[in-house]
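A.B. asks: Here is what each chain is made of, one letter per residue.
There are 4 protein chains.
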Amino acid sequence: MEDQSFSKSMTYAPGLPEGATFYSAHKKRVTSEAVERAAEKALAERGVQIDDIAEIVFDLQKPFMSGLTKALCVENVKAVLAKRELQHAILVGIELDRFAEKKMLSEPLQSLVDQDEGLFGVDETIALGAVSSFGSIAATTFGYLDKVKPKIIGKVDLAKGGRVNTFLDDLIASIAADASSRLAHRVRDDEEKRAAQSHRK
Amino acid sequence: MEDQSFSKSMTYAPGLPEGATFYSAHKKRVTSEAVERAAEKALAERGVQIDDIAEIVFDLQKPFMSGLTKALCVENVKAVLAKRELQHAILVGIELDRFAEKKMLSEPLQSLVDQDEGLFGVDETIALGAVSSFGSIAATTFGYLDKVKPKIIGKVDLAKGGRVNTFLDDLIASIAADASSRLAHRVRDDEEKRAAQSHRK
Amino acid sequence: MEDQSFSKSMTYAPGLPEGATFYSAHKKRVTSEAVERAAEKALAERGVQIDDIAEIVFDLQKPFMSGLTKALCVENVKAVLAKRELQHAILVGIELDRFAEKKMLSEPLQSLVDQDEGLFGVDETIALGAVSSFGSIAATTFGYLDKVKPKIIGKVDLAKGGRVNTFLDDLIASIAADASSRLAHRVRDDEEKRAAQSHRK
Amino acid sequence: MEDQSFSKSMTYAPGLPEGATFYSAHKKRVTSEAVERAAEKALAERGVQIDDIAEIVFDLQKPFMSGLTKALCVENVKAVLAKRELQHAILVGIELDRFAEKKMLSEPLQSLVDQDEGLFGVDETIALGAVSSFGSIAATTFGYLDKVKPKIIGKVDLAKGGRVNTFLDDLIASIAADASSRLAHRVRDDEEKRAAQSHRK
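Residue numbers (the working numbering), protein chains in the order written: chain A, 202 to 402; chain B, 202 to 402; chain C, 202 to 402; chain D, 202 to 402.
In case anyone wonders, no lab produced these hints; they're calculated from the structure.
This structure is a prediction, so every number in the text was calculated from the model and none was measured.
Please note that a few of the clues may not be correct.
All copies of an identical chain are treated as equivalent in the list; a pair is satisfied when it fits inside any one copy or across any two copies.
[To be verified] Restricting the straight-line Cα-Cα distance to at most 25 Å, the calculated cross-link-like pairs of lysine-lysine (DSS-like) are:
| id | residue 1 | residue 2 |
| --- | --- | --- |
| 1 | Lys356 | Lys279 |
| 2 | Lys279 | Lys350 |
| 3 | Lys263 | Lys242 |
| 4 | Lys304 | Lys242 |
| 5 | Lys350 | Lys271 |
| 6 | Lys263 | Lys279 |
| 7 | Lys242 | Lys350 |
| 8 | Lys303 | Lys356 |
| 9 | Lys361 | Lys284 |
| 10 | Lys279 | Lys394 |
| 11 | Lys242 | Lys394 |
| 12 | Lys271 | Lys356 |
| 13 | Lys271 | Lys242 |
| 14 | Lys348 | Lys271 |
| 15 | Lys271 | Lys352 |
| 16 | Lys284 | Lys352 |
| 17 | Lys263 | Lys348 |
| 18 | Lys352 | Lys394 |
| 19 | Lys304 | Lys352 |
| 20 | Lys303 | Lys394 |
| 21 | Lys361 | Lys279 |
| 22 | Lys263 | Lys350 |
The whole structure should be built from the sequences, with the hints applied where relevant.
C.D. replies: Okay, structure coming up:
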């Protein structure tokens with residue numbers, strides 16, 4: 202890898218002292234593209250397709266939008282999956298599920314995670330942190346999905362045969378809530394544009 | 202009021218420079234007791250009784266606790282209403298509802314609040330801020346209640362005749378979610394104590 | 202206003218029953234444009250210019266980006282001010298400051314706000330709610346600015362002569378933290394694009 | 202372990218269907234005591250003593266409280282470490298630091314964590330989630346500590362020799378912010394009690 206192509210001027214890292222560099226010769230550069238691919242691959246390996254999440258978004262928004270298509274929901278799920286904070290949350294959550302599945306976590310964390318202990322809370326925290334990127338309304342929708350567990354969320358929550366999906370179900374709820382909120386904001390913007398145009402006529 | 206009875210040593214105020222005093226002669230002292238009474242009075246004046254909220258807590262926890270009584274739910278609602286952050290949220294939210302009812306807010310805020318605009322979000326933000334004092338699980342429960350709007354929450358949400366309850370319904374959801382989370386944590390603590398005792402026998 | 206130009210199909214409002222309509226004949230339509238103009242006007246009337254906020258962003262990011270210009274900071278402040286959730290937070294916060302200034306809030310809320318009571322917290326909650334739209338790193342930056350109160354934040358915090366800026370100082374910290382986080386993410390994206398191009402050569 | 206001593210009535214687990222049981226024969230029971238001991242042990246093994254954290258609390262509150270003792274700060278740090286949500290956050294964060302140190306995380310997560318990537322954010326999310334249990338003022342203090350990194354926070358942040366403390370520094374900031382907020386609320390309560398007594402005389 203030719204890190205020499207980076208000059209020190211192309212650096213950013215909050216919290217580091219003046220003159221600190223982010224890209225440097227001894228560091229393995231992680232591109233956004235690599236993170237995005239890894240997050241989508243991790244979801245797929247755990248049995249979650251973008252279509253499954255889009256279906257939840259469709260059910261959430263259908264009552265409020267006539268003419269809503271599944272394709273528009275897919276588009277919005279893909280758009281939120283392009284967000285760094287959400288990708289990072291997915292990578293961390295699924296990694297912890299995998300370690301728990303292989304009984305590799307230290308006790309008592311292993312038991313807390315593989316039993317999906319009701320008062321654990323870190324799974325909700327990580328998912329809520331990602332969801333907050335799309336406003337308090339997305340946070341509300343997340344809470345609803347996390348309780349009701351529709352479709353793919355319920356399916357992974359009840360997975361058997363040694364599967365641990367303690368973090369995964371919350372992550373899916375987070376992605377669906379984000380996409381749903383994004384869709385609502387975009388549709389509103391479109392409405393206003395159309396309204397402005399029809400006034401001008 | 203005898204503010205002289207306070208010495209400068211009894212002061213605290215984060216963010217102020219060294220030597221700053223909170224209690225001082227020119228300031229009207231606000232006691233916690235006064236704030237607590239005001240918050241409960243505000244709720245009552247808007248038609249919300251502690252019993253109404255306890256009922257929601259009961260419905261939420263009943264499936265998981267045999268022997269749960271309404272009295273225990275009332276006790277937990279009262280306990281969370283003793284929290285400063287929640288009291289402050291109640292005072293601010295209900296004040297804004299009242300101003301909106303009297304058409305005293307400036308435009309476009311007046312329209313955003315009195316129409317309970319779907320993408321407004323500040324009502325959820327204030328309620329979520331108070332709810333976060335009881336962990337991410339309370340935040341999840343809040344989201345659920347805010348969508349489903351059971352009992353008193355739905356009742357105030359649909360209030361007619363010029364009533365504006367844009368903030369109130371979220372505040373009730375917040376109180377119920379807090380109390381529900383507090384109850385769950387306490388019951389767990391009790392279980393553990395009883396378990397420890399029965400082991401000792 | 203010709204609300205007839207809206208069909209019922211162009212509606213969205215989360216939490217309302219199926220068939221509910223947002224735009225309707227008896228409602229005064231609030232456009233995003235009107236909200237955006239109102240938020241900027243409110244800031245200006247309270248003595249806060251976009252340039253003042255951009256200066257804080259510049260100071261925050263300067264250590265990590267060589268060649269950072271003030272113009273780029275202004276651009277990012279303007280971009281975050283186009284976000285609905287932040288505009289709504291600004292309108293609510295400044296409205297409460299104004300009511301407090303005119304002694305129009307009911308007690309004990311009036312005293313809590315006009316004394317900028319250290320444990321009040323609703324001002325931070327509203328500002329943090331808006332900041333969360335830009336990730337946990339923005340929330341961290343907000344906390345820092347809220348304590349250190351550089352430049353315009355400190356200036357409004359110490360305003361005298363009956364001025365109440367209890368909410369305003371937190372709102373400015375929120376806008377600056379948002380813009381700073383947005384800038385950091387954009388610069389990273391640019392770095393990656395340039396890196397990808399230089400690899401291809 | 203004699204799980205028979207638990208009856209099905211002593212169960213609680215939010216989100217599970219009616220009749221679900223938390224304690225059951227095939228599950229390894231995790232007591233609060235075990236979790237608390239594990240969290241404190243994990244901190245100690247990473248070189249963090251309660252005294253180190255109490256020192257930060259002391260520095261934060263000293264300007265506002267005359268007569269503040271180190272012992273009172275220690276007491277408040279211990280009290281917040283008794284909170285389940287914070288213990289769980291500590292266990293998860295330190296586990297991830299350890300895996301990163303042993304190069305056991307999958308790529309690209311391994312690189313994101315062991316380089317303490319500036320825009321990662323999950324470390325702040327987990328720490329902020331725990332901090333939110335003590336109100337928005339604690340969240341503000343957390344942000345400040347996370348930027349300024351005083352004393353033990355800076356020490357672990359700059360640890361060398363293959364050490365990874367990406368999550369640990371944020372966790373310490375969270376504990377200190379929680380304890381500081383708890384202390385402020387308690388001191389206020391005490392002030393009010395003393396004031397009430399001196400009025401009665």
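A.B. asks: Going through the earlier hints one by one, which of them does the structure break, listed in rising order?
C.D. replies: 3, 9, 18, 19, 20, 21
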